[in-house]
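Just so you know, the protein sequences line up as chains F and H, in that order.
For the first sequence, the positions run 1 to 321 when UniProt numbering is used.
For the second sequence, the positions run 1 to 321 when UniProt numbering is used.
Since the hints were made in silico from the structure, they are not lab data.
Be careful, since some hints might not be right.
Repeated chains share a single entry, so a pair holds when one copy, or any two copies, can fit it.
Unchecked claim - Straight line, CA to CA, 20 Å or less: simulated EDC-like cross-link-like pairs of lysine to aspartate or glutamate:
| id | residue 1 | residue 2 |
| --- | --- | --- |
| 1 | K93 | D105 |
| 2 | K93 | D114 |
| 3 | K93 | D115 |
| 4 | K93 | E109 |
| 5 | K93 | D285 |
Protein chains: 2
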Amino acid sequence: MMPEKVTIADVARRASVSRQTVSNVLNSPDLVREETRERVRQAVEELGYRVNQAARRMRTGRSRLLAVRIEQTQDGMNVFDRFLHGLTDSAAKAGYRVILYTADDDRSEIATFDDLLGAYEPDAFVLTGTHYGDVRTSWLAERELAFVTFGRPWGMPEGGAHPWVDVDGAAGTAAATRHLLGAGHRRIGFIGWPEGSGVGDDRRSGWARALDDTGALERRTDGSAAEGEAAARELIAAGATALVCVSDSVALGALQAGPVPVIGFDDTPVAAAIGLTSLSQPLSDAAARCVGVLTRLLEDDSPDKPDHVLLEPSLVIRRTA
Amino acid sequence: MMPEKVTIADVARRASVSRQTVSNVLNSPDLVREETRERVRQAVEELGYRVNQAARRMRTGRSRLLAVRIEQTQDGMNVFDRFLHGLTDSAAKAGYRVILYTADDDRSEIATFDDLLGAYEPDAFVLTGTHYGDVRTSWLAERELAFVTFGRPWGMPEGGAHPWVDVDGAAGTAAATRHLLGAGHRRIGFIGWPEGSGVGDDRRSGWARALDDTGALERRTDGSAAEGEAAARELIAAGATALVCVSDSVALGALQAGPVPVIGFDDTPVAAAIGLTSLSQPLSDAAARCVGVLTRLLEDDSPDKPDHVLLEPSLVIRRTA
Chain F
1 MMPEKVTIAD VARRASVSRQ TVSNVLNSPD LVREETRERV RQAVEELGYR
51 VNQAARRMRT GRSRLLAVRI EQTQDGMNVF DRFLHGLTDS AAKAGYRVIL
101 YTADDDRSEI ATFDDLLGAY EPDAFVLTGT HYGDVRTSWL AERELAFVTF
151 GRPWGMPEGG AHPWVDVDGA AGTAAATRHL LGAGHRRIGF IGWPEGSGVG
201 DDRRSGWARA LDDTGALERR TDGSAAEGEA AARELIAAGA TALVCVSDSV
251 ALGALQAGPV PVIGFDDTPV AAAIGLTSLS QPLSDAAARC VGVLTRLLED
301 DSPDKPDHVL LEPSLVIRRT A
Chain H
1 MMPEKVTIAD VARRASVSRQ TVSNVLNSPD LVREETRERV RQAVEELGYR
51 VNQAARRMRT GRSRLLAVRI EQTQDGMNVF DRFLHGLTDS AAKAGYRVIL
101 YTADDDRSEI ATFDDLLGAY EPDAFVLTGT HYGDVRTSWL AERELAFVTF
151 GRPWGMPEGG AHPWVDVDGA AGTAAATRHL LGAGHRRIGF IGWPEGSGVG
201 DDRRSGWARA LDDTGALERR TDGSAAEGEA AARELIAAGA TALVCVSDSV
251 ALGALQAGPV PVIGFDDTPV AAAIGLTSLS QPLSDAAARC VGVLTRLLED
301 DSPDKPDHVL LEPSLVIRRT A
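Using the sequences and the accompanying hints, generate a full structural model.
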């Protein structure tokens with residue numbers, strides 16, 4: 001089915017020149033007479049000959065590939081697809097392409113690193129979903145492989161030793177809480193994720209920081225809308241008059257609990273569809289910064305210390321608060 | 001920053017053997033004594049030496065890459081991320097990886113084909129978003145490049161000359177309409193997309209087919225929720241007692257128009273969040289079939305005729321119908 005690959009020999013035959021002449025036209029055109037050059041170029045065009053990139057890659061030792069895991073969509077209320085679109089765009093502008101893989105957990109992701117390195121030699125990895133005890137980053141760091149995480153290295157002293165880009169969840173929930181304070185609310189509840197989630201604890205901390213007294217108006221959930229609704233009922237019964245939520249999924253449930261203002265996090269398509277006020281991550285910017293960090297790593301002199309980039313989310317005000 | 005690449009010479013030095021011996025261990029281990037083999041393997045392990053895949057690629061002429069465009073998310077009410085996840089999974093099982101690109105229109109996509117072929121030599125392309133007058137497929141076909149489209153070649157005689165995988169939208173809206181007929185409705189409206197959309201016309205045709213008489217209860221929209229709501233009001237005023245919609249976005253708007261049963265299309269996360277009955281595309285299956293079509297093209301004998309695979313969507317019944 002596939003056509004035979006066009007070789008330099010085919011081009012030489014068509015142009016009635018030697019293979020060396022074809023090679024000269026491609027690599028050192030100044031050595032070749034204009035007329036011959038034209039004939040070779042025409043043959044290259046007619047035959048659709050392509051410079052052997054595998055050979056070029058052998059010379060440069062660069063694959064120009066960035067590897068990233070495509071995340072499970074779960075309930076679909078996430079924004080990874082926007083990050084991935086931004087990453088693909090920014091990478092292309094910097095001369096890189098994104099190669100995808102899937103993985104169920106850290107162990108299988110590390111096994112996939114190994115596979116990818118063996119078969120495709122990506123120049124760098126972009127890791128998402130950082131968490132406490134993340135063994136992926138140490139695996140890559142030990143092998144001195146280039147990578148950036150979208151997400152902080154939770155639990156590492158001084159922000160960790162590797163480059164990362166993240167969005168300041170605490171700044172986001174603090175802004176949400178101040179928005180509700182500005183509307184006159186004083187008893188503002190928080191619906192979060194289980195303890196031990198770096199992202200969840202970060203988002204919780206902004207809410208707590210913005211209040212003189214949290215009044216213990218907080219509940220942890222598994223992140224589902226069902227538990228969000230139950231938690232909201234409890235908090236409203238305990239006197240909460242407005243709710244800040246760790247995610248749009250939880251907020252979606254909270255909205256069922258009663259007519260109190262609710263703010264979600266992530267500005268998912270669901271938030272836009274139902275009029276949910278929510279915090280929006282600057283995902284295109286985050287993706288561009290990830291690519292920037294990697295190109296600095298791959299192409300510039302060694303940075304003195306790893307890049308750490310923390311971006312601010314913005315509050316998108318809609319119907320619910 | 002990046003460590004020096006480990007070469008065969010490094011391995012040879014560490015194992016105190018010749019480069020030829022290292023090469024033999026890697027390529028023809030039977031030629032080498034067990035003890036020497038062990039010593040070389042240990043050096044390979046210690047140094048983290050990797051077989052030069054670029055060299056292997058030069059020999060096989062295969063990149064093991066499938067290129068696919070990552071689509072704009074627009075209002076986020078689409079399901080491309082699920083297709084892409086399935087494609088990445090299925091490709092990995094077949095020994096391929098997915099490489100991403102973005103493009104704004106057919107012309108820029110074709111320019112990107114050219115870039116990708118020059119720099120990465122993908123073995124095949126997976127095209128999405130097929131439409132009338134699609135110039136991408138003829139560009140690839142003329143160059144005898146391997147590709148499959150997820151989406152039919154709208155407007156081509158006899159289903160087109162290239163391989164495709166698609167979901168039977170007409171079967172889906174027919175099932176939705178029969179579901180409403182079964183609930184006793186007789187005046188069932190359809191809210192669609194502008195004329196000239198292959199997908200939109202296909203979805204419309206299933207609704208029309210399931211009814212003896214459509215009663216002209218149809219409106220076309222730009223696909224937004226706002227126009228969906230306006231169209232629904234008109235159809236309800238014209239006597240419609242239930243609505244079949246071309247998309248979840250349109251259905252979301254239609255739900256605002258009044259308390260009539262509404263069915264969407266695509267089973268987006270928004271449908272799940274708001275309890276919208278909708279048609280679900282078998283996206284993992286479609287992605288797996290795309291990979292299957294391509295592996296047949298790339299690895300098997302020439303098929304007599306291109307693979308055409310049409311899959312059935314399923315009706316996910318929720319609150320709204």
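Here is what the structure says about each hint:
1. K93 / D105: Between copies only: 17 Å across chains, 31 Å inside a chain, cut-off 20 Å.
2. K93 / D114: between (27 Å within a copy, 15 Å between copies)
3. K93 / D115: Only across copies: K93 and D115 sit 12 Å apart there, 27 Å inside one copy, limit 20 Å.
4. K93 / E109: between (27 Å within a copy, 15 Å between copies)
5. K93 / D285: within (14 Å within a copy, 33 Å between copies)
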